[in-house]
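First to last, the sequence lines map onto chains A and H. Numbering-wise, the first sequence is residues 1 to 328 according to the working numbering. Numbering-wise, the second sequence is residues 1 to 267 according to the working numbering.
Read the hints as simulated data drawn from the structure, not as lab findings. Ideal placement from N, C-alpha and C gives every residue a C-beta, glycine not left out. There could be a bad hint or two in this list.
Simulated DEER-style distance windows between Cβ atoms [stated by the list, open to error]: (1) A:N208 with H:W255: 57 to 63 Å; (2) A:Q83 with H:R2: 27 to 33 Å; (3) H:V113 with A:P94: 26 to 32 Å; (4) A:P33 with H:R2: 33 to 39 Å.
Each chain is listed here by its residues.
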Amino acid sequence: MDRAIVVDRLIKNFEVTEKEKGLRGSIKSIFSPKKKTVHALKGISFTIQPGELVGFIGPNGAGKTTTLKTLSGLLYPTGGFVQVLEYDPWEKKPEFLKQISLIMGQKNQLWWDLPAIETFELNKEIYEIPRRDYEKNLEELITLLDVGKLLKTQVRRLSLGQRMRMELVAALLHKPKVLFLDEPTIGLDLIGQQKIREFIYEYNQKNNATIILTSHNMDDLTNLARRVIVIGAGNILFDGALEELTGRFAKEKIIKVSFSKEIDIKKVELVGTVKQVSFPEVTLSVARSTVAVAAAEILQNFPVNDLTIEEVPVEEIIKKVFRGELTK
Amino acid sequence: MRKYFQIFRVSFQQEFSYRLNFIMWRVRNVLQIILTFFLWSSVFRNPQTEVFGYNQEKILTYVFGILVIRAIVFSARAVDVAGEISNGDITNFLLKPVSYFKYWATRDIASKVLNLSFSVVEITLLFLILRPNLFLQVNPVTLFAVFVSLILAVILFFCLLFITNMSAFWMPENGWAAQFLFIVIITDFLSGGVFPLDIMPLALQKVLYSTPFPYLLFFPLQVYLGKIVGVEIIRGLVTSFVWVSILFVAVKYIWARGLRRYSAEGR
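From just these sequences and the hints, can you work out the full model?
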């Protein structure tokens, strides 16, 4: 098997009923519901190799979660072809389900009123994990995630971060080969995020697991994903190495200048957009096509100590992605 | 099989984590039975009075019988299915190698075992306190028919409950209302939970007997009371079985359609 995931021209439409505001709107929608079709995915295609860790990025409502849900067999595709580990996810074959896991940062599978260990024991039976493997995996996971002392605490009494780590344990006890992570670090503090990230990295390396991760957290992406797929309004806008994202989408370049004498900042503004001034250092943003001209202009007209031309940091581009400012 | 045993264990624990809820539910049941008991005792103050073929002994057995059969048939956790569909919790099960029906059937059985064991204790206590004249059925063939009809009733109710709950696939926000209407009002009423169905006009009874509802509570109890005998028992069991088959197919069909509609919202 050379491809863990194959997606070909995947289309997913939802039918939603719209409701006008207020009581009158509610009553009206009972008698004449207004139906609207939402085109969540407009024919996306990509493939992922076994062991790859891919980041999905895009603004809210771009179709990231819809893709993950379709890949894990929750949603029925309106059109196109989907294959995960050579299975059709929609068929929900037990052999398929035993090899995947979908983790969503927003909600949990743990039994709220019982200690987490009860959910683990239940999953052991549901996934038919042999006792020896179960004990080994559990030991490994609770050590890595540092939750050994909390196993017998009622889930409702755990903090969000602790609960999220328990969720990971519950979702990984059966050692899935393919892992879908939807916003795994949402709502966690920095240390919590860091722990989860290190864990994901380690899981990927150790088990050669294929992982797709969606996140709004820049650090998740820059630290974990080598490859990113940018989704906007149901289309794939970019699919490639994280570093290439900049070259592909940044319309500007950054010029950093260090002046040797005091200058009139107003005159510098004529050359490009001034982003930051901490004299003698000035940072400018200049259109990609004119960067050479702008640099020459600065060197000619101002007393310059040092000048460098840089790419826009990848974080800036990702920020734009999240704001939905990128188009093809 | 072991996975369902584990589910049984966990849901038993879950029931116990809401001790107060559970106790209040039992208290409600006991109060209800005391209320009905005194109501019917005063109506049939004279033990010779007979109305619609019920004397004091049989009407009291009816009231107690309803308590027990309700505990067996109506105590079901699957009422939560609609909620799971509309808030997206059902996602957890769709992702796992586990049958959603068997999962809920297991949880139902756990709930039934728990409720039934409490019912038995309550009834024994109430019996000792109130000392009513109860009718005891001793014929083993009749008792066996009662047993079979109860099993069919449990499956029937499970299917009806699942069908009602699956409406949440199409109307996520209406799940609760539909259930309330279905379980609390229609089912309890039409299945004889409020009063014996045979005090209704004959024509209406005939119509009712072709619906699944009387087979939930009324039919098993009538068999126990010896008011339905012989061929009528067979006919009832067959009708009940036919309904089970129809509803079972319906459940499978609606489930398959519902899943296609499901959009795993809120997750």
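Going down the list of hints, with the structure as the test:
In this structure, A:N208 and H:W255 break the distance hint of 57 to 63 Å, their C-beta atoms being roughly 36 Å apart. Evaluation of the 27 to 33 Å hint for A:Q83 and H:R2 yields a pass: the beta carbon distance comes to about 31 Å. Between H:V113 and A:P94 the C-beta distance comes to about 28 Å, which sits within the given range of 26 to 32 Å. With their beta carbons about 46 Å apart, A:P33 and H:R2 fall outside the hinted range of 33 to 39 Å.
Of the numbered hints given earlier, the model fails hints 1, 4; all others are met.
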